[in-house]
Each structure stands twice: as structure tokens, then as C-alpha cells.
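Those protein sequence lines, which keep their order, are chains A and B.
Under our numbering, the first residue of the first sequence carries the number 497, and numbering increases by one thereafter.
Under our numbering, the first residue of the second sequence carries the number 128, and numbering increases by one thereafter.
Calculated from the structure, these hints are not laboratory results.
It is possible that some hints are incorrect.
To be verified - Covered stretches of chain A, going by a simulated chain B footprint (3 or more residues, C-beta under 8 Å):
1) 510-523
2) 607-613
3) 682-691
4) 789-800
What the hints assert, rightly or not - Part of the chain A face toward chain B, derived, beta carbon under 8 Å:
5) Phe617
6) Leu619
7) Phe622
8) Leu631
9) Gly634
10) Val709
11) Val711
12) Val757
13) Leu763
What the hints assert, rightly or not - Reference listing, derived: stretches of chain B covered by chain A, where coverage requires no fewer than 3 residues with Cβ under 8 Å from a Cβ of chain A:
14) 246-253
15) 421-428
Owing to the predicted nature of the structure, the values given are computational and were not obtained by experimental measurement.
Glycine is no exception: its CB is placed at the ideal position from the N, C-alpha and C atoms.
Next come the chains, spelled out residue by residue.
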Amino acid sequence: MTSSISAPAALGRLLPVLATTLVFIAGFLVCASIYPNFASMRVVMNLLTDNAFLGIVAVGMTFVIISGGIDLSVGSVIGFTTVFLALAIERWGVPPLVAFAMILLICAAFGAGMGAVIQYFDLPPFIVTLAGMFLARGLSFLLSTQSIPINAELYSHLSDYALRFGAGARLTVPAMIMLAVVASGMVLLHLTRFGANVYALGGSRTATALMGVNVNRSTVLIYTLSSALAGLSGIVFSLYTSSGYSLSAVGVELDAIAAVVIGGTLLSGGYGFVFGSFVGVLIQGLIQTYISFDGTLSSWWAKIATGLLLFAFIAFQQLTLHIAGRSGRRPRLATAGAAQS
Amino acid sequence: MALRLPRIGTSQIVALVLILAANWLVSPQFFDIRLQDGRLFGSLIDVLNRGAPVALLSLGMVLVIAMRGIDLSVGAIMAICGAIAASLADSHSLPVVLGAALAAGLACGLWNGFLVAVLGIQPIVATLILMVAGRGIAQLITEGRIVTFNSPELAFLGGGSVLGLPTPVVLALSMLALTLIIVRGTALGLMIEATGGNPRASALAGIGTRLITVAVYMWSGLCAALAGIVAAADILGADANNAGLWLELDAILAVVIGGTSLFGGRFSIILAVVGALIIQAMNTGILLSGLPPETNLVVKAVVVLAVLLAQSPKLGGHAAGLGVLFSRKKA
């Protein structure tokens, strides 16, 4: 903690991510000590596969939150994507790869639309993406309210394909896609000009604009990225379940936001890491896996544990901010500015 | 721009009347009200009855949003309080049941208020914690089952009637009156508007912004608790998974439709309730018209967008200053 005051050194900056990673490792060790079978490649690989769609969405959400916004529409976009894919492939006879390209374009355009409304009409991202959430979910209901199985050959090929690591440990296609998205997300956020703009927007929009950054373009691109990744996540989700259902992925936006916050990203923007969100997703997956290993605990404990973790990490953030003495100067979200002085 | 009429509130009332008229067109017996067994029946009464939980939520939400906050946890609080009421209903007397459920709602609000006002966490995040964990807590209370009860006293709160009006409507009206008296009858409303407009200046001017923030979140918790009790009493049971699911979004929508600015500092309690009625009238209208209920969400999305654009600072933001005057005069 002291390092963050004395100098904003690399260690101090990385402290929240390190804390998250330590929590994950500690949690994993605890699970492994209780259940001998836990510490296996199989469990680790399943953790990656089962949370692949969440991981992909969390990467997009990290960009949005670092830029000082929020995207509540991602769960609905995933649901819409699965329904669209199922209908396109099964009913309209579109080749799966063409359908993938179509839905990614549709989602990107949807995100660009939301970004444009947020930027050009100066509206809070929270409520605009809330409208987006209603719209995407409503459209998927209009497409179909039934669960449609997808029997395309490509789907069975993709779900059979996996890299094998010993007994039962398979690195599946969804897991590979997620790891690739996390890696590219890290490159995009930390090594490109666009990434630097995302951080700058979260710090101060006015200052960013005065610096000569094209704020309009950046904001639209950020929401485009988030929705496109939600579309990709929907593709992965439909691979994972081999079906399309308009009620799938309800509430995923909350899981994604929770993962991003647990991963150490500041909800007021300007600070955060893609890798932290990835670990945040893994922690949520770990809780689920622990509960399924235990067998006697009910699934609602997962919600309570996630809530407690959220609180712990947010309290930790507030404490670091307070100690670093930055809380007074940090501009807050227009929608959600704390109502205290 | 066309939506902005000279007096704040005109557009909401006009919208409600238009929607009711549209409902009448698709279903000519929409306005028929008949008295049966001392209780009024009819589609219009149904709109009021079904709209009561969201109207109750919007009473708390409007104050929270006026403070530039947001309360995402109201749906989860409904589930918690419904679960408490349902599990106590058959073994305890009604005052104990209600007391426990309402106290739980106040405690949830206190927790939210503490996070926002004392720890300084952004409202959207602070209330997200309870939104995520709350449903888990509710399931803990019901032990994952759907708890049913037989207590006629509690059931009366959902299905009974007072002077012909369904009890939920009476409860919502009483809470509306109470909120108006507390907020607009005292200087509290002024302080809430001031704090929402500029928290720092208000604190420097001597307003106890922290205390007011905590109180407002507690009021939101109390309203959510009441809505949860009504929802549980309506179905004679508590379903921790589905009680109040997504109602926080409807409540926020009602407040936004009611013209309360998401940027704080301008709010109208009555119009928030009108907003809740507009949402319910749309729901009922879509059901009556025979359109698939799935269109509901698309219609809602379009309405939110239209209202937002009308509220946009780029399009009609300068109305906000006048809005404060008008909404104060109204109440």
C-alpha cells in the first residue's frame, strides 16, 4: 500500500490485479486441499471452457468501464446472437461461417448505434445501454421464443475439436477463442493508441478532447467493440450449448461487471487491466466449481459469495484511492456521481 | 423537441391518455368497471392493481435518482422481504410479519446508503452488490423452495380490497401521499434537489447530505419491502428467483418517463407514479391487443429512447432549470 503513495511504481499500479490473482490462487489451493481431484488439468480446462463466453464479454466490458461507461446490453446481445444463429443456420440455410460474419456485423452496428447515441446526445451510458438491453432481448423474443437446436456439421466438428492434455483435459474451441480474445484485448488496451485513448477518456473527457483525441470516434468504437465481443461470445455460447434460445445469458452483464470489478478495474474509469477481468471470471468460475464439487451447497451460495467478493474488492479500491489521496480530484461518472461531497 | 410542452407533466399525462385511448380502441370494454362482491373489476382497475408494485418502487427510486444516485437492488430487496413475509406468515401475527419484512427492507437500504454516503462508492456499484447477493440471501431464507402460506391477513394485502379498490392500489396511494407529505411538505424536497444538483455546494451550505443520502436509500428499501410483500401476498407465496425480477429496470424507466432528470436536481414524485402507470398501461394494452407479449420489450426500448432523446442535454437540456420550478409548484 505504501508503494502506491511514495511512487506510482509498477508494483503499486498492479496491486489490485496482484491481489485478485492471489485470491484466485489461494482459492484454488483451498479447493485443492479439500478435494484431492481438484488440482487437475481437467478441472482447469473445464474452468476455461465453462466460462469462455463470460471471459469474452468481460474483455469488452473492461474497455467500456475503463472509458468511464457501462454496457448493460451484453447479456441480451448474447441471447439475440444465439437465436439469430440458430434461425439463420437451421431455418434460412445460411452457411455457419457466413452467419457468424453476419451476426458480428449486426452486433458491431448495434454497439456503434448505442455509442453514437451516448456520445452525440450526451446521455448516460447506463440508461442508453439499458434501452439496448430491452431492444436486443425483445428482438430475440420476436425472432423466436423456443429453444432451437443447431445440428450443423461445423458445430459438431468444432465441439469435437480440442487440444488434449492427459486424461480428460481438453482445451476446447470456446476456451481457445477466449484466450485469444484476452490476449488481443491486452495488446489492444495496453499497446495501441486506441487503448491509450480509452484510459484517457476514463480520466477526463474534456482533457482528452483538448489533447486532440477524437472523442466521438473513440466512444463509438468502444461500444462497437463491446457489442462485437458480445456477439462473438454469443457464437461461443451457441457452440457450447449447440442451440439458440432467446432467454439464454440473462444477467450475464452483471457477471461481467462483477468480474471486471473483482479484477481491480475502477468503475469510475481510467484504471484497469484486461488480465484482471480474466482472473475475475476465473474466480467466479472457481466458486461455481467448488459448489459443484461440494454437492451439498446450493447454487445460491455462488451469488452471495460473488456479492461478498464484490464488496471486498470495492472496499479495497476505496481504501487505496483514499490513501493515495486521489478521491477528491477524481471526476466521477455523470450518471453515478456519489451523492456525498 | 416536439415532446417538450410548456408545463412539466403535460406530456406524461397526454401519453397516458393516448395509451389508454389506444387500449380502448383495441378493446372497447377497456373502460368498463363493474362492482362485484364489494370490489371493483375491469381492465382499468387491473392496470392500477398490476402497476402498484412498480409504482411503489418508483416512489423510492425517484428520490434516489433525484440525488444523482440509482438503486439497482430494489428487485432483490423485494425478493428478500417477500421471502421473509411468506416464511413467517403462518407462524406469526400480521404485525410481526410486516414489521420483520419492512425492517429487512430498511436494513437493506441502510446498507446501500452506508456504501454510498459513508464509503463513497458510486451508487450503481454499491447497489449492484446487493442486487447480486440479495437474490442469494432470499433463496437462503426460502431454502431454495417456493414458500407458500395460507394466512388470510397477509393474502388480503395482495388480493383484498378496501372500499372497492384492490389493496395494492390503496397501499400505493397511501405511500404516495406519505412520500409527498414528507418530501414536499417539508424542506426535505428542496434539500434533495439541492444535493442532486450540486452535492458539494449543498454540503457547504449546511445541508446534511450524508444523512439525507442514507435516509433516501432507506426509503427506497422500505418501498421495495412493501412491493415485495404485495407481490408475495398476491401469489400466496415467495419465489426467490422470480419475485421482482427486472422490476428495478421498470422502476428506473418509470422515473425517467416521469421526467426526473438522471443528472439529478429535478424530480417529480407524482409523475414517476404516472410513469409506472404508463408502463403498465402499455403492458396491458399489448396483452389486450393480442399482439405477442414479446413485443413488450421492443416497445419499452423505443419508449425509453424517445424519452431519453427528449431529455437529452443537447436537445432540451435548458428546460432542466425551469423544471425545478415547475415540479416544486406542482406538489
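These are the hints, each one checked on the structure:
1. 510-523: violated (count 0)
2. 607-613: violated (count 1)
3. 682-691: violated (count 0)
4. 789-800: Answer holds; 6 residues pass the 8 Å Cβ test.
5. Phe617: holds (4 Å)
6. Leu619: Holds, because the Cβ-Cβ distance from Leu619 (chain A) to chain B comes to roughly 5 Å (cut-off 8 Å).
7. Phe622: Check passed: Cβ of Phe622 (chain A) comes within 6 Å of chain B, closer than 8 Å.
8. Leu631: holds (4 Å)
9. Gly634: With a closest approach of 3 Å, the Gly634 (chain A) hint holds.
10. Val709: violated (20 Å)
11. Val711: With Cβ-Cβ at 14 Å, over 8 Å, it is violated.
12. Val757: Because about 7 Å separates Val757 (chain A) from the closest Cβ in chain B, which is inside the 8 Å limit, the hint holds.
13. Leu763: holds (5 Å)
14. 246-253: holds (count 8)
15. 421-428: holds (count 8)
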